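Enquirer: Sequence:
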Amino acid sequence: MGRTPRVPPTRRVRAPAGGTRLTAAAFKATCLKLMDRVRETGVEYIVTKHGKPVARLVPYEAPDRKPMFGSMKGTVLKYERPFDPIDGDYDITRD
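The opening position of the sequence shown corresponds to residue 1 in my numbering, with each subsequent residue numbered one higher.
Just so you know, these hints were derived from the structure itself, not from any lab. Nothing here was measured: the structure is a model prediction, and the numbers come from that model. Note that the Cβ used here is the ideal one computed from N, Cα and C, for glycine as well. One thing to keep in mind: the hints can contain errors.
[Claimed, not checked] Straight-line Cα separation of at most 27 Å, BS3-like style, residue types lysine-lysine; simulated pairs:
hint: 1; residue 1: Lys78; residue 2: Lys66
hint: 2; residue 1: Lys66; residue 2: Lys52
hint: 3; residue 1: Lys49; residue 2: Lys28
hint: 4; residue 1: Lys78; residue 2: Lys52
hint: 5; residue 1: Lys52; residue 2: Lys28
[Stated by the list, open to error] Now the in silico label distances, taken between C-beta atoms and shown as ranges:
hint: 6; residue 1: Glu61; residue 2: Ala25; range: 39 to 49 Å
hint: 7; residue 1: Lys78; residue 2: Val38; range: 28 to 38 Å
hint: 8; residue 1: Lys49; residue 2: Lys78; range: 58 to 68 Å
hint: 9; residue 1: Val76; residue 2: Lys52; range: 46 to 56 Å
hint: 10; residue 1: Ala24; residue 2: Ser71; range: 41 to 51 Å
hint: 11; residue 1: Asp64; residue 2: Met35; range: 15 to 25 Å
hint: 12; residue 1: Gly42; residue 2: Gly88; range: 54 to 64 Å
hint: 13; residue 1: Lys78; residue 2: Met35; range: 47 to 57 Å
hint: 14; residue 1: Ile86; residue 2: Arg56; range: 47 to 57 Å
Construct the complete structure from the given sequences, taking the supplied hints into account.
Expert: Written out as structure tokens, the structure is:
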């Protein structure tokens, strides 16, 4: 098993927005290691190309999921007598 290359310290600059900036080349060389670090520590990285930010690596937050059963509760109308005719004019009943 090979060693993961280390991000050169000369290419890493602290970003003012709280994330660590690194070049696209440095990100490409250490992508898997950085993803593990983000998952474990929650640190953010900003990937730059030619000094301009192009991407941000942040921890994933799963959305809150509602349970499937009971999710439609209160959305269906209740009819006491569902087979009784509904008042109204329809094309079939017009002369």
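Enquirer: So if I understand the rule, the pair passes when the alpha-carbon distance is 27 Å or less; does Lys66 with Lys52 pass?
Expert: Given that 27 Å is the threshold and the Cα spacing comes to 39 Å, the pair is violated.
Enquirer: Against the range 39 to 49 Å, how does the distance between the Cβ atoms of Glu61 and Ala25 compare: consistent or not?
Expert: Given about 28 Å between the Cβ atoms, the range is violated.
Enquirer: Under the criterion that the straight-line Cα-Cα distance not exceed 27 Å, is the pair Lys78, Lys52 satisfied?
Expert: Distance of about 58 Å is beyond 27 Å: violated.
Enquirer: Using the beta carbons of Val76 and Lys52, state whether their distance is inside 46 to 56 Å or not.
Expert: At 53 Å between Cβs, range holds.
Enquirer: Using the C-beta atoms of Lys49 and Lys78, is the stated range 58 to 68 Å upheld?
Expert: holds (59 Å)
Enquirer: So if I understand the rule, the pair passes when the alpha-carbon distance is 27 Å or less; does Lys49 with Lys28 pass?
Expert: holds (12 Å)
Enquirer: Is 47 to 57 Å a correct range for the gap between the Cβ atoms of Lys78 and Met35?
Expert: The hint (47 to 57 Å, Cβ to Cβ) holds, given that Lys78 and Met35 are roughly 51 Å apart.
Enquirer: Range hint 15 to 25 Å: satisfied by the CB atoms of Asp64 and Met35?
Expert: holds (24 Å)
Enquirer: 54 to 64 Å was suggested as the range; check whether the CB atoms of Gly42 and Gly88 agree with it.
Expert: holds (59 Å)
Enquirer: Assuming the hint says 41 to 51 Å, is it satisfied by the Cβ distance from Ala24 to Ser71 or not?
Expert: holds (43 Å)
Enquirer: Quick one, are Lys52 and Lys28 close enough, alpha carbons at most 27 Å?
Expert: It holds: about 16 Å lies between the C-alpha atoms, which stays within 27 Å.
Enquirer: In this structure, is the beta-carbon distance linking Ile86 and Arg56 contained in 47 to 57 Å?
Expert: holds (55 Å)
Comparing the model with each numbered hint stated earlier shows that hints 2, 4, 6 and 7 do not hold.
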